[in-house]
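Trainee: If you want the building blocks of each chain, they are given just below.
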Amino acid sequence: MIPFTRHAKLSLGVLVGLALCATGAQAPQHIDIKQFSTTVEDVVVPLPNEIFGALNKLGPVNWKEHVHSDKGPNFTERPRIALLLGTVIADGFIAVQAEDAPAVKDIGQRVLALAKGIGVGNSITPHAKAIIDAADKRKWENVRQELDRTQNSVQQAMNEVHDEKLSQLVSLGGWLRGTEVLTSVVTEHFSADGAELLHQPDLLSYFQGRLQAMPEFNLPIIHQIQDALGQVKPLIDVGNRRIPAESVKKVNEITTRLGHGIVMKD
Amino acid sequence: MNLLAKVLFRYSSPLLALVALQPAIFATVDDAQSFALQAAEPYVKQGFQVREDYWGGDLGAGEKKAVRQQLFKGNEYWFWLGTEADRAKVSVHVYDSDGKLAEESDGWQKGHFAAAHVIPKATGSYFIIVSVEESPEERTHWALVYGFR
Chain X
2 MIPFTRHAKL
12 SLGVLVGLAL
22 CATGAQAPQH
32 IDIKQFSTTV
42 EDVVVPLPNE
52 IFGALNKLGP
62 VNWKEHVHSD
72 KGPNFTERPR
82 IALLLGTVIA
92 DGFIAVQAED
102 APAVKDIGQR
112 VLALAKGIGV
122 GNSITPHAKA
132 IIDAADKRKW
142 ENVRQELDRT
152 QNSVQQAMNE
162 VHDEKLSQLV
172 SLGGWLRGTE
182 VLTSVVTEHF
192 SADGAELLHQ
202 PDLLSYFQGR
212 LQAMPEFNLP
222 IIHQIQDALG
232 QVKPLIDVGN
242 RRIPAESVKK
252 VNEITTRLGH
262 GIVMKD
Chain F
17 MNLLAKVLFR
27 YSSPLLALVA
37 LQPAIFATVD
47 DAQSFALQAA
57 EPYVKQGFQV
67 REDYWGGDLG
77 AGEKKAVRQQ
87 LFKGNEYWFW
97 LGTEADRAKV
107 SVHVYDSDGK
117 LAEESDGWQK
127 GHFAAAHVIP
137 KATGSYFIIV
147 SVEESPEERT
157 HWALVYGFR
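Protein sequence lines, in the order shown, are assigned to chains X and F. Residue 133 in this note's numbering sits at position 132 of the first sequence; the count goes up by one each step and never skips. Residue 146 in this note's numbering sits at position 130 of the second sequence; the count goes up by one each step and never skips.
Misleading hints may appear alongside valid ones.
Here are the computed distance ranges between Cβ atoms for each label pair [claimed, not checked]:
| hint | chain 1 | residue 1 | chain 2 | residue 2 | range |
| --- | --- | --- | --- | --- | --- |
| 1 | F | E150 | X | K251 | 46 to 56 angstroms |
| 2 | X | K250 | F | D46 | 15 to 25 angstroms |
| 3 | X | R258 | F | E154 | 22 to 32 angstroms |
| 4 | F | E154 | X | Q209 | 35 to 45 angstroms |
| 5 | F | R103 | X | K72 | 50 to 60 angstroms |
| 6 | F | E150 | X | G60 | 23 to 33 angstroms |
To list a few chain F residues with every Cβ distance to chain X over 12 angstroms, as calculated [what the hints assert, rightly or not]:
| hint | residue |
| --- | --- |
| 7 | A77 |
| 8 | D114 |
| 9 | K116 |
| 10 | P152 |
| 11 | E154 |
| 12 | R155 |
Since the hints were made in silico from the structure, they are not lab data. Remember, it's a predicted structure, so these values are computed and weren't measured experimentally. Ideal placement from N, C-alpha and C gives every residue a C-beta, glycine not left out.
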């Protein structure tokens, strides 16, 4: 991935041209989505901070109470490390929301240690350093950007050595932690709009499909997640109906349990 | 022309041709991504966080591809599409899961750049439809990036 800042110097002329010449694009008001059935890319997994940003707009959130920066145990199984890495990166986004510099720095170190444990430490070292530097200077936007780069670099490094399944587990770990926090916040101060943020059935189906394709990862935590996603699906796949407070609470219980399972040794 | 010169001429011509054609042959989705990011840059100043990740591939002229994406009500999104083929014309549009156009009217399309703006009315799956409408290339690389605030 090419860092965004590298493009900054190149684009001024192009953008001036675009601003002068851009035209509104016409598109049909309706399309048949099924016609794309063979050309639809997998669902794009959002970053945890996309959900946190939407949550922030619903009202003040006490992010400090959701910050986790414990070191936790060390694992040797690569799937477990991948899940935990995704969780810890999500914790980094939470610590940024809380503007908690010591937690961000601890998380930066933890990310690096986990990345080394999974064999992709080299690609993460500069990002971990940048996270810690930016946290020291309380440049939260830079920390957020480096966390995004960290996740992207980890997943690219994994994909390059054909560890796509581990890369998917990183995304899953982040999604589970993000969902745990989302449901915790919404359970505390319920609103229909907050609950609606849980309406992610395609994303959940995507993760279910990916886990089914990992029979070689025969670990208790993987089976627990598979079972849990099966329990969560009917709670959030409600079509045009609203997601009630009880469902949000239930999803929170499930994802909190999984969160403990990911962080703790069996 | 001596023998050495003849040999050099004979074997260097294809090499020179290859060098001249290099941008077309070796252009990649990463190049397309550079252009998509160029289109995104002014929006960063408006507070949009542009994701590091991107989606891309290649399409023939007239072909389309859908990227399914989870969007959250409350956020605002821009999607930027780019290609390195500067004589190509690309477009990007966003539809909800019922196939209804879901974008704002300020999306734009200019040659090998296009952008779509979405303020989701509901949280759920959306389809980002990318299209290479015209291109002199047999296959045209495309890359899609997005930002949110």
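Trainee: Taking the hints in turn, state whether each one holds.
Mentor: Hint by hint, here is what the structure shows:
Hint check: E150 (chain F) to K251 (chain X), Cβ distance near 51 angstroms, so the stated range 46 to 56 angstroms holds. At about 45 angstroms, the beta-carbon gap between K250 (chain X) and D46 (chain F) misses the expected band of 15 to 25 angstroms. Between R258 (chain X) and E154 (chain F) the beta carbons are some 53 angstroms apart, a value that contradicts the proposed interval 22 to 32 angstroms. Separation of E154 (chain F) from Q209 (chain X) is about 38 angstroms and conforms to the stated range, judged on CB atoms against 35 to 45 angstroms.
Our hint of 50 to 60 angstroms for R103 (chain F) and K72 (chain X) holds, since their Cβ atoms are close to 55 angstroms apart. For the pair E150 (chain F) and G60 (chain X), the beta carbons lie near 48 angstroms from each other, so the given range of 23 to 33 angstroms is not met. Once the 12 angstroms rule is applied to beta carbons, A77 (chain F) is consistent with being away from chain X; the minimum gap is 15 angstroms. For D114 (chain F), the shortest C-beta to C-beta distance to chain X comes to about 8 angstroms, within the 12 angstroms cut-off, and the non-interface label is violated.
Non-interface call for K116 (chain F) relative to chain X: violated, since the shortest CB-CB distance, roughly 6 angstroms, does not exceed 12 angstroms. No Cβ of chain X comes within 12 angstroms of the Cβ of P152 (chain F); the nearest lies about 19 angstroms off, and the non-interface call holds. With a least beta-carbon separation of about 18 angstroms from chain X, E154 (chain F) lies farther than 12 angstroms from that chain, consistent with its non-interface assignment. No beta-carbon of chain X comes within 12 angstroms of the beta-carbon of R155 (chain F); the shortest separation is about 14 angstroms.
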